[in-house]
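Trainee: Below are the chains, spelled out letter by letter.
There are 2 protein chains.
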Amino acid sequence: MTNSNNYCVIMAGGIGSRFWPYSRKSKPKQFLDFFGTGNTLLQQTFDRYSQIVTPENIIVITNAEYEELVKEQLPLLKEGQIILEPTRRNTAPCIAMAAMYIRSIHPDANMIVAPADHLILKEKEFNEAIHKGLEFVAQSPQLLTLGIKPTRPDTGYGYIQIEENKGNEFYKVKTFIEKPQLEFAEVFVESDEFYWNSGIFLWNVNTIIDAFQTLMPEIYSKITSGLDDFASCPNISIDYAIMEKAENVYVQLCNFGWADLGSWASLHEVLPKDKQKNVIIKGNTLLYDCKENIIAMPEGKLAVIQGLEDYLVADTNNVLLICKKDDESTIRRYVNDVQVKLGDEFV
Amino acid sequence: MTNSNNYCVIMAGGIGSRFWPYSRKSKPKQFLDFFGTGNTLLQQTFDRYSQIVTPENIIVITNAEYEELVKEQLPLLKEGQIILEPTRRNTAPCIAMAAMYIRSIHPDANMIVAPADHLILKEKEFNEAIHKGLEFVAQSPQLLTLGIKPTRPDTGYGYIQIEENKGNEFYKVKTFIEKPQLEFAEVFVESDEFYWNSGIFLWNVNTIIDAFQTLMPEIYSKITSGLDDFASCPNISIDYAIMEKAENVYVQLCNFGWADLGSWASLHEVLPKDKQKNVIIKGNTLLYDCKENIIAMPEGKLAVIQGLEDYLVADTNNVLLICKKDDESTIRRYVNDVQVKLGDEFV
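Sequence lines, in order, name chains A and B. Everything in the first sequence is counted per numbering that gives the first Met the number 0, starting at 0 for the first residue and increasing by one. Everything in the second sequence is counted per numbering that gives the first Met the number 0, starting at 0 for the first residue and increasing by one.
Be aware that a few hints might be false.
Here are the simulated lysine to any residue pairs, SDA-like style, with alpha carbons at most 20 Å apart [stated by the list, open to error]:
hint, chain 1, residue 1, chain 2, residue 2
1, A, 340, B, 288
2, B, 300, A, 299
3, A, 300, B, 339
Selected chain A positions facing chain B (Cβ under 10 Å, derived; list incomplete) [unchecked claim]:
hint, residue
4, 285
5, 297
6, 299
7, 336
If you're looking for bench data, these hints aren't it; they were derived computationally from the structure. Where is the CB? At the ideal position from N, CA and C, for every residue including glycine.
Hey, can you work out the whole structure from these sequences and the hints?
Mentor: Printed below as a string of structure tokens:
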């Protein structure tokens, strides 16, 4: 079923600071086994795409400082399967770099771009969708993003609006909506014109490289002149740089039990809950008068908690974080404050 | 200044379960250095009374399972200075046992009975008060308890009412009031007839032994017949067994900066606070929107906490406790539940 012309680029360079204190600069969330399955998010992602493309055609793109972690967790990767970003420049420059690299091997390759921190519950539906998407971009010079039917008015996700829904699988994108306010998100969920932007992209390498050349010549020119210029690329996401500007952007409507594990609150959405809607990640817990919390403890440690509602309690070896779970963006502020006041030891 | 006829009995056999998870069955609070001074509560108590009675006349009474901890923390104690309770029978039987033992050495000794978990801030005033109290009980066959001028309407302490306050130091006790409701405690603080019952007692050994013989013959007879009968003594406190029943009970009015470290909330009362009245015991903390909490962390660990008011956060190596700090009695319930559900490892 695999096609040697199809490639997958797994993006595994993020810091994952919204998952602090579990996610640390020295070992971000994609390198952690959050679900206690014995596999880290990166390993799960690699296994998932190994069923779709030849494993030798999977490329992991990460920050230079995580090279050893990637090699340790994916020991089968060969020399050319790891691309290291010399510095962090968000997703656009690294995707451009990966596309150029793949085209240098296969001038007409199709590529999947996938973050390393997604949860996919329905594997069969997922595989089918990706295969159809690869066929679509092989035949048509479009930039394809996977859209997910929203199941709740999540204000942490980006949304995609399509033209009138005619029951098809592929639509031209009408507009992208960044994290909306709750009242809008509620309308979006009711409508059948709005889909979550999964951040999983499919395209032919020539289509994306053409898009960079037209819409982001400052990145295109740096990348073509070699890695030395990478640091001078603008720091910009693929969404801002290309997807929101290009004319040839399509969405494929999917339904395969998807979640972006972007934050603690997103974990709370997807994990099993007790009767009071508490989510427990490892550890022993005795809860009294507790509702809608997410509690992450080190293996073997006991938490006795009374009287908390809507909190995150994340305990690690040297950091304990307790905060309202719906105020995600503030975790970044805590991490910054910790860095400034206490230095690298705790971030 | 010391008088070889004066003895001090330090009671160090409690489990201190209201200080869980710091206080553990295997190492209760009196064996911990809560204030980071380098001395445990037991060591501080021993040093305090060493300035008042000959150190050889200090006797530590504890449970058999804590023998090694006492020897380790007070290595200068000689053979006869540790009395081990074979089983826990509250304070009355062990005080009777200590009094008999002391009388066997000094038939006319005076003795101080002091819990191992008190905080005394004004040492000079304390020493003067104890010396006067020892003189009082040497001259008069009374049972003396130290009463402390209340500084707040604490509902966790017992109170002593005296007859009309005439500016003297010693008064006959009118009545004992167990932990009162807040509205009563507020009246007590305003009045000058009510004092906190410190639980520090002074008497001549013959006075207390006579009181046992008259008021608690079932303890008197067991103790005189030897340690083998200790387990069959009634499980009763000295307050219920003797102080609240005897006719010859006096109180000495004192003011030496006293606190009974009975619970986390009592620690919150006595320790320095930040501007938002949070008390931090060791560890690094970054607090956001936090008020009136007490936070105890392991040495070197960081706590980042947002949005808690009036909570206790007590983190140890293998247990994290988070609960409302004013609901002390429930900590015992948690400890019981933990014991039942998870066994001895965490209690």
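Trainee: Using 10 Å as the Cβ threshold, decide whether residue 285 of chain A counts as touching chain B.
Mentor: holds, 6 Å
Trainee: Given residue 299 of chain A as an interface hint, is the shortest Cβ-Cβ distance to chain B below 10 Å?
Mentor: holds, 7 Å
Trainee: Has the given pair, residue 340 of chain A with residue 288 of chain B, been kept, meaning a C-alpha gap of at most 20 Å?
Mentor: holds, 18 Å
Trainee: Given residue 297 of chain A as an interface hint, is its Cβ closer than 10 Å to any Cβ of chain B?
Mentor: holds, 9 Å
Trainee: Let's test the interface hint: is any C-beta of chain B closer than 10 Å to that of residue 336 of chain A?
Mentor: With Cβ-Cβ at 6 Å, under 10 Å, it holds.
Trainee: Is it true that the CA of residue 300 of chain A sits at most 20 Å from the CA of residue 339 of chain B?
Mentor: holds, 17 Å
Trainee: Taken at face value, is the distance from the CA of residue 299 of chain A to the CA of residue 300 of chain B at most 20 Å?
Mentor: Holds, because 18 Å separates the two Cα atoms, which is no more than 20 Å.
Violated hints are absent here; each numbered hint is respected by the structure.
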